[in-house]
Amino acid sequence: MKTREWLGIALLGLLIFASLSSAAGAQPFAFPSMDGWTLAGPPQVFVPDTLYDYINGGSDLYLKYDFEELTVVEYRKGAMSVNAEVYRHRTPDHAFGIYSQERVPSAEFLPIGAQGYYEKTVCNFIQSGYYVKLSGENTGADDRAVLLSFVRRISETLPGPTALPAALSAFPTEGKKANAEKFIARDFLGYGFLHSGFTADFERSGRRYQLFLIVGNDQADARAMLQQYLRQIKHDASAVEGPYQVTDPYHGAMALFWKGRHIWGTIGLADADLRATYLKYFEGLPMR
Amino acid sequence: MEKTARIGRRDFLKSTATSLGGFAYLSASLTRPPDAPEKFEGTRVLGRTGVRLPIVSMGVMNTDNPQLVRAALDAGYVFLDTAQGYQRGTNEAMLGEILKDRPRNSFVIATKASLPKDQATGGYGPDATEEAYTKKIDTSLRGLRLDYVDIYHHHGTWTREATLHEPILSALQKAKKAGKIRAIGVSTHRNEPAVIAAAVESKVYDVVLTAYNFRQQHAADVQKAIAGAAGAGLGVVGMKSMGGNVRGAYASGQIDARACIKWVLQDPNVHTVICGFTTFDQMTLDMSILKDLTLSAAEREQLRRASMEAGLYCQGCGTCAGQCAQALPIPDLMRAHMYLYGYRNLVAAQDLVLSLALPRDVCGDCGACAAACTNGWNLRDRVRDIVRLRDVPTSFVA
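One line per chain: the protein sequences are A and B, in this order.
Take the first sequence: its position 206, counting from 1, is numbered 206 in my numbering, and each next residue is one higher.
Take the second sequence: its position 323, counting from 1, is numbered 611 in my numbering, and each next residue is one higher.
It is possible that some hints are incorrect.
What the hints assert, rightly or not - Stretch by stretch, here's where chain A covers chain B in the computed footprint (C-beta under 8 Å, at least three residues):
| # | stretch |
| --- | --- |
| 1 | 349-357 |
| 2 | 367-380 |
| 3 | 418-431 |
Because the hints were derived from the structure by calculation, they are not lab data.
Each residue gets a CB set at the ideal place from its N, CA and C atoms; glycine is no exception.
If we strip away everything but chain B, and leave its shape as in the complex, we get (with noise of 0.2 Å):
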């Protein structure tokens, strides 16, 4: 008998049906006080859109099996994440395959996308027309086989001055109206606080969908950042709740998923996380979380732990660049320590050190390094550590 239980499954079914039922009324009217006190039960409402959603929900980006998703709303997951990018349109193809057989109002539906961007200014081109994005709308509404979706989120926006590209919030805004989007919604993997703080400054902006997890060096910006958007109104979806710790498919340490999600709802302003699960194991596992969000001794020692895993990872943050007084290329060579330490890539670590060109005396009489890592390593010992694969012969690793 699960004595936490504040709610059964059936209980929180009728109440998101009830939910969704008003919800063209409220996104519409954005009528409901955004600070209204919130008793955890399993749910909690999206922001001013008014929509009461389960704290965990499913990101179908991961899966191409139709059953897990349908057996996942069955299960009582209400709302799916997609995007038009997943797998070239294949997996909004698929979904819309799914939900032509459910009724509208019993599921919620985020999808996104975005148009060509300058991938080191983070800025749109002259390309990036209103009408280019209203192409990207469309299109994801045929290939979900919907009149509407309920979210439409601006993807992957790493600026302010992307987040708030006049042509794309007008196409988003102009869709809202036509009813073709009930909510507007911006994600963000990057420099999540000024993506946050451009979605509130629009005014624009219903729902930001961001990378959350407790590996982010700037997880308490990320987290002040939220409660502004939460205190402004706005919806907040979490994601990346793993921090790249993808179930099972790299990281050598491998960390229980349910103890990421519930580290990312111990913050209320979270109204739901997106789960990547791919088992129908996973997928029972994490709804489990709607009923007891308290992390366990086991489970804070596993993110403790897994928190010094982070750094095996170079972050790629260039703050040690152009630091050394040798002029060494310290990210390439992190990268490579990266590569040898973290994913056990011999070959690579050791083609991109040869490929570096370095001097014979690497770190030479430097009696204190001046590069300084974010991450807090001990770079001249990680450099001298790596650069010793110059010194396994080509034929021995290849």
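Same shape as in the complex, but just chain A (with noise of 0.2 Å):
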């Protein structure tokens, strides 16, 4: 066997671990037939070299959420039409980080999926890897009726799991705002580093801040991310698991808390007690 056909294997063998290693599944998705409506033409596929041409300059966003494939579909009955996006992302966290940089916490919510919701003309929902995005025109009165059929149909085409990330169930509930949680999937703080969070927002007795959850690969990534935090603050203390409060140059006062490979912390918080009252919070969570 020739050097190059070795190579070649050891090549596809390789993408094979990758691939295998991967959280996400890439299921091939087909559009649902809808009883009286037709489409308007074949699916559009969009993969991240050529998300741009579709989205223009909202694809670096989706890109930095590890997007994989977009298949677009117009359905048409009459003046009605009914454009459906279905957005393919690395995994459900990243399918949910890029939902929730774009719903919109005042909109009407829904149980699709792992969560999704309605606004006039636009219904949204997440589903496992995937963020399903469908938008009406000339739907008239029928506009919410006719989008929810669609979102229930594709909904059971697409595979599950349909739960939220488990990691904002950690939140406390007390102040916190409905539907605001997001995930960032990178540079989490403005900082490269710090490779991904979940944030929540809260606003008790009219202070509006936010708290963080960073999830480290394990315990060892979870010290590293805060021994270099430390270091670019000029926080003179080595990363020992417990608590911290820190003055960030961009951010303000912050505590935080690191235990196992989870660091928790506060963003906007000035109030010093009610710093020190999370951390308590933070140290008795069973995560570890």
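Dock chain to chain to rebuild the complex, using the hints, since each chain is given by itself in its own frame.
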């Protein structure tokens, strides 16, 4: 066997391993038929290199959330039309992340997929690694019913699971704004070495702030991130598990708590007493 | 000590603020000669708008971190670029929250919107009315909490006809007359030369925002179109300087963003470049370009290598379609090749290959391949390479 062929087999094996190791399943998607509706044309497919052809500069953010493929069709029925976009991302967390960047907390939220919402002429939801966006045109008074019929059918077609990221359930409920949690896939807090994080918005006694959770790959990963962060903000301490009160040059006073592979923290919370309260809360969490 | 620095931060902030003070007058009168000699000093004048901007600006599309935007403005960035569509309007809303606390003459902001287009033709339908576009402008102003925006871009056109769509031009002109916008722009990510030429032809647009980077196969055409626009007095803003290499996102071969930005700014007809940084460190590094535009030998080498890597990515031009004697779906096969070798997604690559119902004997006895690739790829080799995925058991892959 020639060297080149051996290299080819080795590459293929490497790729298979990488694919098997991936948390995401690249499930093929086929749009369902809808009674009385016809497709305006064949599905359009966009990949990372061509996404900007469809959503222009908005594509950059999708790429940061490990976008893999977009399939688009337009359904028509008389003067009505429904544009259906199915974005596939590498993991459910990434799909939630881009969804969380675009959802509006004031929308009508729906138990579709992991979560969905309806606004006039728009219905979006996430399920597994998929982010589905529907928009209606000339759907008139039936707009909500029409869009909901589509999302139900599309949801049936997509693979599960249908749950929001488990990390979100660990945020305290008191003062937490509903449907405002986010997953930031890269450069969390504006630092490249903090690879990702979840945030939730809070408001208590007129004070608005955020709590965050960084989930490292393991304890060593979390330690490395915290150590680098402390060095970055010139906080003179070694990374050991436990609480921290620090001052970030860009974010101001912050409370941090490191335990296992989790780093919790506050953003924009000037009240030192409340920061201390949260440190106790973080300490009491069962996560390891 | 940075011996190459031409101006300090304080100096350029001062010169920028001075220019901003005259922006309203200059943009209204359009009296500045567009061909005035320019000496690099970290700022350039945005065509006939008369506004002097730092040559690096902030594209806000990639971040929802308000502290990063605040830090950028504090560090000397002046020009912010957003769009109504970014994060479904929440990007504009975030900026509105930040900018309400800043003097209006301390920043320049551009936003943009489009109306639904036919994705196949790029053209507008009967619903793309002046009224609909005016609503877009008003929505942006509400989101940004501003009385006016400095530049409002007709977003993402790729045909002459769409660029010149009269109802949208009329909406923009009326908004400008009403003081809602100071300058009219158009943004384009593909077929840029035609769009830029149409922008000049219109005599309505003041600014073009264009994709422009070292990876574009038609970069020379873009450069020529930009020269024409600048010569006609339009301001030129560059974007997509990394050519799809989102910082740290998916490209296997990373490239220093500054090399890409500098490459664009070697063209003196580009007045500023939108930088989509997402970290404080990147923000500082991009700002350092103000002090030295020179491409180092290492940066030139990075660009050369990245240009070669671009060969992994099908541009999707469709030129090869229909040229194969076996009528193979070559664009689809090249997409599968890209999945496998570009994105290392074996599952997606195999799914696609299996869905194509290819003949068993691909390429068969074809002596010479009739299909030609604009990338210069050897299509026959790539086709033979990727169809081998048919022989990998799906149970092993899925």
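Cβ contact check, 8 Å cutoff: the stretch 418-431 of chain B against chain A, three residues minimum | violated (count 0)
Coverage assertion for the stretch 367-380 of chain B with respect to chain A, Cβ distance below 8 Å, three residues required = Contact hint for the stretch 367-380 of chain B vs chain A: holds, 7 residues under 8 Å.
Given coverage of the stretch 349-357 of chain B by chain A, tested with a Cβ cutoff of 8 Å and a minimum of 3 residues = Held - the stretch 349-357 of chain B has 7 residues with a Cβ nearer than 8 Å to chain A, which meets the minimum of three.
Comparing the model with each earlier hint shows a violation of hint 3 alone; every other hint is respected.
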